[in-house]
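Chemist: Sequence:
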Amino acid sequence: MTLLKYVKKIRTLFRISYWKLIDVLWFFISKKNNSVDNNKFSIGIVTYINRYDKLFKPLIKNLCKIFPDTEIVIAINGYYDQDKQKKYLEEIKALLSKYTNIKYIEYNEGQSLSKLWNQLIINSKNEKIFICNDDIKIAPYFRENVEKSAILKKELGLLNWSWSHFLISKKIIKNIGWFDERFPGVGNEDEDYETRLVLNGIIIESFEINGLKNIIIQTQDFSYGKNTETVNIKYVKENKVVFDSKWDMLDEKKEGYVFVRLLGKYLKLREGMETPDFYPKIDYNPLK
Numbered sequence: 001m002t003l004l005k006y007v008k009k010i011r012t013l014f015r016i017s018y019w020k021l022i023d024v025l026w027f028f029i030s031k032k033n034n035s036v037d038n039n040k041f042s043i044g045i046v047t048y049i050n051r052y053d054k055l056f057k058p059l060i061k062n063l064c065k066i067f068p069d070t071e072i073v074i075a076i077n078g079y080y081d082q083d084k085q086k087k088y089l090e091e092i093k094a095l096l097s098k099y100t101n102i103k104y105i106e107y108n109e110g111q112s113l114s115k116l117w118n119q120l121i122i123n124s125k126n127e128k129i130f131i132c133n134d135d136i137k138i139a140p141y142f143r144e145n146v147e148k149s150a151i152l153k154k155e156l157g158l159l160n161w162s163w164s165h166f167l168i169s170k171k172i173i174k175n176i177g178w179f180d181e182r183f184p185g186v187g188n189e190d191e192d193y194e195t196r197l198v199l200n201g202i203i204i205e206s207f208e209i210n211g212l213k214n215i216i217i218q219t220q221d222f223s224y225g226k227n228t229e230t231v232n233i234k235y236v237k238e239n240k241v242v243f244d245s246k247w248d249m250l251d252e253k254k255e256g257y258v259f260v261r262l263l264g265k266y267l268k269l270r271e272g273m274e275t276p277d278f279y280p281k282i283d284y285n286p287l288k
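Counted from 1, the sequence shown has number 89 at position 89 by this note's numbering; the numbering is strictly sequential.
Since the hints were derived computationally from the structure, they do not count as laboratory data.
Think about it this way: if two alpha-carbon atoms lie no more than 20 Å apart in a straight line, the pair counts; the simulated DMTMM-like pairs of lysine to aspartate or glutamate are:
(1) Lys281 / Glu127
(2) Lys281 / Glu155
(3) Lys268 / Glu194
(4) Lys240 / Asp190
(5) Lys20 / Asp53
(6) Lys98 / Asp53
(7) Lys148 / Glu208
(8) Lys246 / Glu194
(9) Lys171 / Asp190
(10) Lys154 / Glu144
(11) Lys226 / Asp83
(12) Lys265 / Asp248
(13) Lys213 / Asp135
(14) Lys32 / Asp69
(15) Lys154 / Glu127
(16) Lys54 / Asp135
(17) Lys125 / Asp37
(18) Lys125 / Asp69
(19) Lys65 / Asp53
(20) Lys93 / Glu106
(21) Lys65 / Asp135
(22) Lys137 / Glu147
(23) Lys87 / Asp221
(24) Lys32 / Glu144
(25) Lys213 / Asp190
Using the sequences and the hints given, assemble the complete structure.
Modeler: What follows is the structure, encoded as structure tokens:
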């Protein structure tokens with residue numbers, strides 16, 4: 001019986017909430033002993049001070065249990081209160097130092113999500129990287145389900161139709177370009193990138209993976225300042241301003257426009273708003 005089937009059976013017998021049962025199950029899962037270096041992919045996570053105790057610490061502990069052979073790159077975002085940020089950096093770096101497969105990039109001041117995603121890609125050693133939000137939960141059989149799926153054969157793929165967790169390759173970055181760092185905060189960078197993929201004829205595929213939960217925390221206190229204006233509850237308003245200045249958007253089909261699934265609308269790039277080359281083009285040789 002697989003672990004997933006066993007969990008479902010226990011849940012049926014005792015009528016326990018699925019993810020409550022998963023939380024208990026982690027106490028009985030020990031770290032795998034695997035000396036073989038995983039060169040198929042890296043894992044990248046963006047986090048910041050207000051996610052540390054409740055979300056990041058349990059996530060990184062569980063990831064390292066089932067991915068002990070896998071490089072994990074952490075982008076530690078900054079925060080406007082420098083006294084709190086200094087203490088936080090000391091705590092998180094002390095935690096991460098316990099894991100031999102983790103490396104991190106740290107910032108004192110808040111950076112855009114686009115920049116942090118780009119830095120994860122730049123600093124990962126493998127051709128492919130899974131980039132994940134820190135407000136997710138995983139089950140002990142998450143890795144098995146990922147590796148059984150076909151996503152590792154792809155250059156790009158979403159997990160469960162969400163940009164909260166996706167695989168991307170350096171080949172895609174070389175062809176499409178970097179995430180747009182003109183977005184100063186959080187929000188719309190995924191819609192922008194999906195539009196650029198569609199414009200370049202790249203099919204966006206999703207892979208259904210059991211053992212993954214997107215918690216979707218609504219941020220109340222951003223890295224960028226106390227009075228950060230928001231839109232759609234959890235995104236930085238200035239990002240939406242940049243997006244609207246970059247793309248012309250219509251509800252109905254029109255020549256020169258492409259349909260973007262994530263928005264359910266037709267988009268066209270505004271003149272002069274091409275994405276800059278924020279970093280040198282990737283010339284990645286996986287055999288090097």
